[in-house]
Every structure is written in structure tokens, then in C-alpha cells.
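Once you've looked at the hints, dock chain R against the given chain H.
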Amino acid sequence: MVGTVIAIVLIVAGVFFLMVSALGLLRLPDFYARTHAVGKSETLGSILVLGGLAVYNGWELGTVKILLILFFVLIANPTATHAIARAALRTGRQPWTRQKTGQKTKGAEQS
Amino acid sequence: MNSFLLGITIFIAVLTAIALYRVAMGKTIFDRIIAAGLVGTNGFIILILIGFLFERVNMFIDIAIAYALLNFVVVIVLGKYFDRGGERL
Numbered sequence: 015m016v017g018t019v020i021a022i023v024l025i026v027a028g029v030f031f032l033m034v035s036a037l038g039l040l041r042l043p044d045f046y047a048r049t050h051a052v053g054k055s056e057t058l059g060s061i062l063v064l065g066g067l068a069v070y071n072g073w074e075l076g077t078v079k080i081l082l083i084l085f086f087v088l089i090a091n092p093t094a095t096h097a098i099a100r101a102a103l104r105t106g107r108q109p110w111t112r113q114k115t116g117q118k119t120k121g122a123e124q125s
Numbered sequence: 116m117n118s119f120l121l122g123i124t125i126f127i128a129v130l131t132a133i134a135l136y137r138v139a140m141g142k143t144i145f146d147r148i149i150a151a152g153l154v155g156t157n158g159f160i161i162l163i164l165i166g167f168l169f170e171r172v173n174m175f176i177d178i179a180i181a182y183a184l185l186n187f188v189v190v191i192v193l194g195k196y197f198d199r200g201g202e203r204l
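Chains H and R, in that order, give the protein sequences. Going by the numbering used here, the first sequence opens with residue 15, and the numbers climb by one from there. Going by the numbering used here, the second sequence opens with residue 116, and the numbers climb by one from there.
The set of hints was computed from the structure by calculation and includes no laboratory data. If you're wondering where the values come from, they're calculated on a predicted model, not measured in any experiment. Every residue, glycine too, gets a C-beta built ideally from N, C-alpha and C. You may find that some hints are simply not true.
What the hints assert, rightly or not - Which residues of chain H face chain R? A few of them, derived with a C-beta cut under 10 Å, are:
#: 1; residue: F45
#: 2; residue: R48
#: 3; residue: L67
#: 4; residue: N71
#: 5; residue: K79
#: 6; residue: R100
Here chain H stands alone, though its shape is the one from the complex (with noise of 0.2 Å):
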């Protein structure tokens, strides 16, 4: 039972991460801060997600296998969402800055 409460609290953190991900993809003005959200909240809600799963199976087999899955998604997500931002950086895309006077943004939303 301790096990299965263990597992509830990891799997509902991640979900909210993956929320917080979600979220962040949908109402942050930037490409880059998009690329935060990705990068990090989808990656931690991710390995709480799959680390409470684990918790919840036991000592078997498909538990090593989880385990290989959450190490796989610790170490290629951050990778994959760095090769996109250093593409983006590299054909001229400039990060969002805030003008002084609060008026109008500059270099946000234009495709």
C-alpha cells in the first residue's frame, strides 16, 4: 500500500509538469521561451510520470524496462530540444525582448 501511495504522488507531480508544459507551449510569446517550457517541465514531468509507474509495477522485468525508458527521455529530450534552438539561433531567429516605453514588442509572433 505504502508503494501505491508513493506511486499516486509521483505520477499526480508529473502531470502537473506536463501541464505546466502544455501551458507554457500554448501562451509563452517567444520561440525560445517555448523551447524552456519543452525542454525542462516536459522532461521532469516525464521521469516523475514514468519513475511513479515503476514504483506502481514492482520488482519485475517491465520495470527495468521503465527505467530505460526514463533514462532515454532524461537524456535525449534536453538533446533534441537543444539541436532545435541551435538551429533556430543559427538561420537569424532573435530571442523577444521587452521595449522600454511597454508599448510594442519586438521581434515576437512574426513568422
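Chain R only, in chain H's frame:
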């Protein structure tokens, strides 16, 4: 516990729909790529949860491993392609 996992699965599916909106209506091509990566990540989490719901965890975990590898390769290849310039999309 089973209904809890079902609710978590439905909630992650709703979050995946939000990311799919960003894929369809993205501002730039890079937004669409990272949103597609998020759809893939949420997708294999949903696959593992479905494995727990059907009580056939081992088979669904193998599918999820293949899906995660394909998702990573797709994002890396698209990043290298647009790093070299690519097409103007």
C-alpha cells in the same frame, strides 16, 4: 487505482490535444517541431498507461521504447536539416 490511471490517461490526452493545436497553428516551423516532439513524449506515456489499463505491461512497454527512439530520431534529423538552411517554410 485502475480508474485513477484512466483519469490520468484522459488528462494527458487533453494536454496532447493542446500541443496538437500548436502543431497545426504554430507561429514558426520550429514551434511545430518542438510541439510534435511533445506530442510524441506524451504519446508514449499514454502507451505505457494503456498497458497498465489492459494489464499487458510488457508488450506495451516494448512498443513505447520503439516510439521514443523514433521520436528522438525525427526531432534530431529535423533539427540538423533546418540547421543547414533547409527550405523556406
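Hints that the structure is at odds with (numbers, increasing): none
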